[in-house]
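Asker: In order, the protein sequence lines correspond to chains A and B. Note that the first sequence covers residues 1 to 492 in my numbering. Note that the second sequence covers residues 1001 to 1140 in my numbering.
Don't read these hints as lab results, they were simulated from the structure. Glycine included, C-beta positions come from ideal geometry on N, C-alpha and C. Certain hints may be false.
[What the hints assert, rightly or not] List time: in silico DSSO-like cross-link candidates among lysine-lysine, alpha-carbon distance up to 30 angstroms: (1) A:Lys363 / A:Lys261; (2) A:Lys429 / B:Lys1039; (3) B:Lys1133 / A:Lys303; (4) A:Lys267 / A:Lys361; (5) B:Lys1022 / A:Lys305; (6) A:Lys303 / B:Lys1007.
[Unchecked claim] Looking from chain A toward chain B, a few residues come up when the C-beta cut is under 10 angstroms (computed): (7) Lys279; (8) Pro281; (9) Gly287; (10) Ser296; (11) Ile297; (12) Asn298; (13) Arg338; (14) Lys341.
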Amino acid sequence: MNGIKPKVLIVDDEKGLRNGTQRLLQRQGYDVDTAEDGASGIQLGIKNDYDLAILDLKMPDIDGIEVLKEIKKVRPNTICFIATAFASFDTAIEATKLGAQSYIPKPFTTEELIKHLETGYEKRLLLVEADRLKREREARMLEIAYEKSRLNTIVNSIVDGVIVVNKTGELVLFNPASLKYFELNEIIIGENILGILPASVSELINKFIVPVKFENVSYSTSLELKPNRELCVEVTCSAVPHPDGSLAGVVIIINNTTELKKIEFVKSQFVSMVAHELKAPVAAVLGFMNLILDDSINISPEKEKEYIARSTKRLQALIEMVNDLLDISRMEIKKKEREIKELRIEEILKTTLEFLELELKKKGVSTNLNIAPGLPVIKADYNEINRLFTNIISNAMKYNKTNGSIDISVSYSGNYLITKISDTGIGMKPDEKEKLFQEFYRVKNDQTRNIPGTGLGLSIVKRIVESYSGKIEVESEFGKGTTFIIYLPAKL
Amino acid sequence: MDTIKKKILLVDDDLDLLEQNKILLESKGYSVVTADNMKDAWDTFKKEKPDVCVLDLIMEEHDTGFVLSHRIKRDEYGKTIPVFLLTSATYVTGMKFGAATGEEQEWINCDGWFDKPIQIDELTTKLEDTLLKYQQLKNK
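Excised from the complex, chain A in its bound form (with noise of 0.2 angstroms):
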């Protein structure tokens, strides 16, 4: 017997017999329990899970029928052996229908019991191992089910759009990002989806499921989905192969790339921006040297002169602009080695001053500084803070009247320095004055138009001053004049 020793219970009113039967299983190595009636025999039963039980279907109290019942109700797997000696043909059937094993006429012999028991046994032991297997079939079931419950957790909390269909283009998995997409309201899992997806994507998928036999690549196709980059997609679809190398289906992946179109656009935009600013200057001197080497075209020794001349200042006007875009990138990629110093911004103004003394003379422009005592210093690299006021007092200077001047001043409020620069020039309205900081933006008209420049200078002051976690604001008054107010932290 393996060494396990099979669990018996009997249960019979006649002392005699059940304690006969028990001495004779426990020498054949059974474990034997015993009750004397039936309702201790129900009680017994049910505690243990017997293997075998052997029910005496005469007693007082219970019939063996009903304990045999009562045992099943809790352990349907107790091989269960009604005894009498008052054997019927109905009985019999009744004990097998309601779950006997079998029916044992007493008296028996003991070659008779044993062998009962022993078929029972087996049975018994093929009933647990079936339920064994049954129990760890439905543990599998729930962890495969879990399994599941997981991946589409995973799935769902995609940012991606994902959708698979199999080989015949039938809904297999999706995700909500997916259908808000598409801006899809519901889709039904085994649904064919290709008519219901964008034209370009169906198409994608069609690679896959249409050939005889498919290539494991990806193929992507980018989409407007609303118009003006206002959505853009990437869709991406890969080929789910089976093991054996055949089409399972196909996984639609959907990322979002409006953001990514939205700064590619804006930098097209600035190309295309820059192009057109580097090409005026470069046809305005192409056009005069045509001009001098065309012969069929007459002109005269000193408009030669003045051609060139002009050419000459468009291409100066030219490589100041190449420096300031270059000096815009430099800061973009942020790869200007800074030196980060602590600065007098008071210091910076009056070398800046003494710097374009010379052209403030010739225009007769006069300059007024105010600093206001006891400043704090701020840190920052002096090529840049030098860069931002010699951009702003040179445009006060040139956009000045003749004996105009420019007034300088100084303060120190809620950690800031707060320099003021005002002039008495030509002003702006307040549509231009909007434009100012956006790149090549002048201001055009009868009076701006000899005055050279890039249309980068205030762009160049704008990205210096927000570098540094600064402010800057205009106020103007057409024909009256402009005044600029930057806000640098000081370092305290």
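For chain A, the structure is supplied; the task is to place chain B on it using the hints.
Answerer: Okay, now just chain B, sitting in the frame of chain A:
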């Protein structure tokens, strides 16, 4: 070419290009009047009644040329003459004011575009062809 010189209104805010193109067009036998801003261009157009207008696209504002073309083409005299626009090719792509839709093109209503810098022979050929078409229309 007619014995009477045809008069072109040339508008560009780049004074260098304006002068160069004036010289080139004059060398081809045209009479050229110029303006370098929207207001002067309109005044010159009304006063001079040119046979053709050639306008730069970008002057005071990005679309000044469009606006000017639109105004000229709505004028009683202006609608009987060809109007051309000059543009840097870079602006046709990537810029928000490109005349992309038919509606915009109808609004601008010009007779053609030329890339800058001007290829003078290409320009004059197109000018003459268009002038001829307008002449034939008038004769009908």
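Asker: All the hints need checking, so say for each whether the structure fits it.
Answerer: For each hint, the structure was consulted:
1. About 48 angstroms separates the Cα atoms of lysine 363 of chain A and lysine 261 of chain A, which puts this hinted pair outside 30 angstroms; it is violated.
2. Between lysine 429 of chain A and lysine 1039 of chain B the CA atoms are separated by roughly 17 angstroms; this keeps the pair inside 30 angstroms, and the hint holds.
3. Proposed proximity of lysine 1133 of chain B and lysine 303 of chain A is contradicted: the alpha carbons are some 38 angstroms apart, above 30 angstroms.
4. Using a Cα cut-off of 30 angstroms, the hinted pair lysine 267 of chain A and lysine 361 of chain A is violated, with the two alpha carbons roughly 41 angstroms apart.
5. Distance restraint check for lysine 1022 of chain B and lysine 305 of chain A: the Cα-Cα separation of roughly 18 angstroms lies within the 30 angstroms cut-off, and the hinted pair is therefore satisfied.
6. Restraint check for lysine 303 of chain A and lysine 1007 of chain B: satisfied, since their Cα atoms lie roughly 24 angstroms apart, inside the 30 angstroms limit.
7. Given hint, lysine 279 of chain A at the interface with chain B, holds; its Cβ is 5 angstroms from that chain's nearest Cβ, closer than 10 angstroms.
8. The interface hint given for proline 281 of chain A holds, since its Cβ lies 9 angstroms from the closest Cβ of chain B, which is under the 10 angstroms cut-off.
9. Interface hint status for glycine 287 of chain A: upheld, as the beta-carbon distance to the closest one in chain B is roughly 4 angstroms, under 10 angstroms.
10. A hinted interface residue such as serine 296 of chain A counts as satisfied when its beta carbon comes closer than 10 angstroms to some beta carbon of chain B; here the least separation is about 6 angstroms, so the hint holds.
11. Interface restraint check for isoleucine 297 of chain A: the shortest CB-CB distance to chain B comes to about 5 angstroms, inside 10 angstroms, so the restraint holds.
12. Annotation: asparagine 298 of chain A was flagged as interfacial toward chain B, and the flag holds, the nearest CB pair being 9 angstroms apart, inside 10 angstroms.
13. Nearest Cβ of chain B to the Cβ of arginine 338 of chain A: about 32 angstroms, over the 10 angstroms cut. The hint is violated.
14. With a least beta-carbon distance of about 41 angstroms to chain B, the hint placing lysine 341 of chain A at the interface is violated under the 10 angstroms criterion.
Figure legend: structure checked against the earlier numbered hints; hints not met, in rising order: 1, 3, 4, 13, 14.
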